[in-house]
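Peer 1: With these hints in hand, go ahead and build the complete structure from the sequences.
Quick note: my numbering has the sequence shown finishing at residue 346, numbered continuously throughout.
It cannot be assumed that every hint is accurate.
What the hints assert, rightly or not - Pairs of lysine to aspartate or glutamate, EDC-like flavour, derived with a Cα cap of 16 Å:
(1) Lys21 with Asp50
(2) Lys57 with Asp295
(3) Lys130 with Glu270
(4) Lys179 with Glu214
(5) Lys100 with Glu231
(6) Lys84 with Glu43
(7) Lys117 with Glu239
(8) Lys335 with Glu86
(9) Lys169 with Glu261
(10) Lys53 with Glu30
(11) Lys96 with Glu324
(12) Lys117 with Asp167
(13) Lys187 with Asp154
(14) Lys169 with Asp119
(15) Lys179 with Asp150
(16) Lys335 with Glu324
(17) Lys286 with Asp120
(18) Lys57 with Asp26
(19) Lys286 with Glu264
(20) Lys169 with Asp122
(21) Lys286 with Asp194
(22) Lys286 with Asp167
(23) Lys187 with Asp260
(24) Lys286 with Asp260
(25) Lys286 with Asp119
(26) Lys187 with Asp152
Unchecked claim - Between beta-carbon pairs, the in silico distance windows are:
(27) Arg104 with Arg259: 31 to 37 Å
(28) Asp167 with Met85: 47 to 53 Å
(29) Arg259 with Pro332: 50 to 56 Å
(30) Asp8 with Gly118: 29 to 35 Å
(31) Arg116 with Arg263: 20 to 26 Å
(32) Glu231 with Glu81: 20 to 26 Å
(33) Pro177 with Asp8: 33 to 39 Å
Since the hints were made in silico from the structure, they are not lab data. Virtual Cβ for every residue (Gly too), placed ideally from N, Cα, C.
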Amino acid sequence: MPVQDLRDWIALMESAGELRKVLGADSDVELGVIVDQYQRRMELPALLFDEIKGYPKGFRVLANTLTSTRRIALTLRLPAESSKMELVQAWRQYAKQYPKIPPRWVSDGPVNENIRKGDDVDLTMFPAPKWHEDDGNRYIGTGCLVIQKDLDTDWVNVGVYRVAVHDQKTAGLYISPGKHGRLIMEKYWARGLDCPIVVSVGQDPTLFFVAGLEIPYGVSELEVAGGLRGEAVQVIESEWNGLPVPATAEIVIEGRIPRDETREEGPFGEWLGYYASGRRPAPVIKIDAIRYRNDPIILGNLPAIPPNDDTYYRGILRSAAVWEQLEQSGIPGIKAVWAHESGARS
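Peer 2: Quick look at the structure:
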């Protein structure tokens, strides 16, 4: 059965022996410590946390998703027993063209099972983890999709940027300078406009995989994800800002990024194992609405000392890119290329 959403992915991994359930963890640091110990050892199961302290049963967090060769292979629709080099070669061939399938607009989807708007919005109802001891916030968005539309074209950008919980109706957003999402946001601001935004929290990991790629400016990750999946990503038009909402997402935040409003955000433990900055002003998301499925699942991605959830799958991508560049340079007899997990994001 093709994977349509995060729940299909979880069922697939459970059937393959690639999932472990953890009950009763605390989302205040303890959850992050457990994930950190698992991802450092690699090839251990993905972790699905439930009965999280202080939250209803069924409000879950999934983490350690892409730290095994088998899970990456299954996520990419490849045979489960594919070797690292087979994954590298498969990605080499795929990346030569980046086949694209445009998203398919639909009128409804599971994400509409619950909709809160206006005074009913409450971002604090979800078990957003405080991943590291000295993090300045709880972060609902580490494995999320941030969706924005260019002001002058129809291009929709999807990126992975961190989203903090400030209060019931306000989230924090950090996008590094030069990233596509930052450029789009600043274009709105330069014209005196708030920037519309959708944040998807919990989706088929294929979309997260693609959203983290270094895709050229102007190319939509939704189309690339469709090409990788072999079928269109289903989206609903947001009634608040017109942006595409993944129809099978677990949680979706819809709102706007004001030009002249910031709040203190951070510090946040980053992927090299250090706190990259102190507490500082950062943009905010003023939330107009939240959609979520019954028993929603946050897809988490824990930055930590490598190897971690980010660096393992990126090692495959980087290895494929280096191999291709070496062959194009005329270097003969290449047998294999592997970018070590600890340096795969460099």
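Peer 1: Now look at each hint and say whether the structure bears it out.
Peer 2: Going through the hints against the structure:
1. The straight-line distance between the Cα atoms of Lys21 and Asp50 is roughly 7 Å, inside the 16 Å bound, and the hint therefore holds.
2. Between Lys57 and Asp295 the alpha-carbon distance is near 8 Å, which keeps this suggested pair within the 16 Å criterion.
3. Restraint check for Lys130 and Glu270: the C-alpha separation of about 13 Å stays at or below 16 Å, so the hint holds.
4. At roughly 10 Å between alpha-carbon atoms, Lys179 and Glu214 fall within 16 Å of each other, so this suggested pair holds.
5. At roughly 9 Å between alpha-carbon atoms, Lys100 and Glu231 fall within 16 Å of each other, so this suggested pair holds.
6. Taking the CA atoms of Lys84 and Glu43, the gap is about 12 Å. The hint holds against a cut of 16 Å.
7. Only pairs whose Cα atoms come within 16 Å are accepted, and Lys117 paired with Glu239 is accepted, the gap being roughly 11 Å.
8. Using a Cα cut-off of 16 Å, the hinted pair Lys335 and Glu86 holds, with the two alpha carbons roughly 12 Å apart.
9. Proximity of Lys169 to Glu261 is assessed by CA-CA distance (about 14 Å); at most 16 Å being required, the pair is judged to hold.
10. In summary, the hint linking Lys53 to Glu30 is supported, as the alpha carbons are separated by about 10 Å, within the 16 Å threshold.
11. Proximity of Lys96 to Glu324 is assessed by CA-CA distance (about 9 Å); at most 16 Å being required, the pair is judged to hold.
12. Straight-line distance between C-alpha atoms of Lys117 and Asp167 comes to about 15 Å, which keeps the hinted pair within the 16 Å bound.
13. Using a Cα cut-off of 16 Å, the hinted pair Lys187 and Asp154 holds, with the two alpha carbons roughly 14 Å apart.
14. Using a Cα cut-off of 16 Å, the hinted pair Lys169 and Asp119 holds, with the two alpha carbons roughly 8 Å apart.
15. At most 16 Å may separate the alpha-carbon atoms for a hinted pair to count; Lys179 and Asp150 meet this at roughly 13 Å.
16. A hinted pair counts as satisfied when its Cα atoms are at most 16 Å apart, and Lys335 with Glu324 qualifies at roughly 12 Å.
17. At roughly 14 Å between alpha-carbon atoms, Lys286 and Asp120 fall within 16 Å of each other, so this suggested pair holds.
18. Of the pairs offered as hints, the one joining Lys57 and Asp26 holds, with about 13 Å between alpha carbons and a cut-off of 16 Å not exceeded.
19. At roughly 15 Å between alpha-carbon atoms, Lys286 and Glu264 fall within 16 Å of each other, so this suggested pair holds.
20. Under the criterion of a C-alpha separation no larger than 16 Å, the hint pairing Lys169 with Asp122 is consistent with the structure, at around 6 Å.
21. For the hint pairing Lys286 with Asp194, the CA-to-CA distance comes to about 10 Å; that is within 16 Å, so the pair holds.
22. A threshold of 16 Å between alpha carbons decides the hint, and for Lys286 with Asp167 the separation of about 10 Å falls inside it, so the pair holds.
23. For the suggested pair Lys187 and Asp260, the alpha carbons sit about 14 Å apart, so the restraint of at most 16 Å is met.
24. Distance hint between Lys286 and Asp260 is fulfilled; the C-alpha atoms sit about 12 Å from each other, no more than 16 Å.
25. About 12 Å separates the Cα atoms of Lys286 and Asp119, which keeps this hinted pair within 16 Å; it holds.
26. For the hint pairing Lys187 with Asp152, the CA-to-CA distance comes to about 9 Å; that is within 16 Å, so the pair holds.
27. The supplied range of 31 to 37 Å is met by Arg104 and Arg259, whose beta-carbon atoms lie about 33 Å from each other.
28. At about 48 Å, the beta-carbon gap between Asp167 and Met85 stays in the expected band of 47 to 53 Å.
29. Between Arg259 and Pro332 the C-beta distance comes to about 55 Å, which sits within the given range of 50 to 56 Å.
30. Remark: the range hint 29 to 35 Å for Asp8 to Gly118 is upheld by a beta-carbon distance near 32 Å.
31. A beta carbon spacing of about 21 Å between Arg116 and Arg263 agrees with the range 20 to 26 Å that was offered as a hint.
32. For the pair Glu231 and Glu81, the supplied restraint of 20 to 26 Å holds, since their beta-carbon distance comes to about 24 Å.
33. Distance hint check for Pro177 and Asp8: the Cβ-Cβ separation is about 36 Å, which falls inside the suggested range of 33 to 39 Å.
Checked against the numbered hints above, the structure violates none of them.
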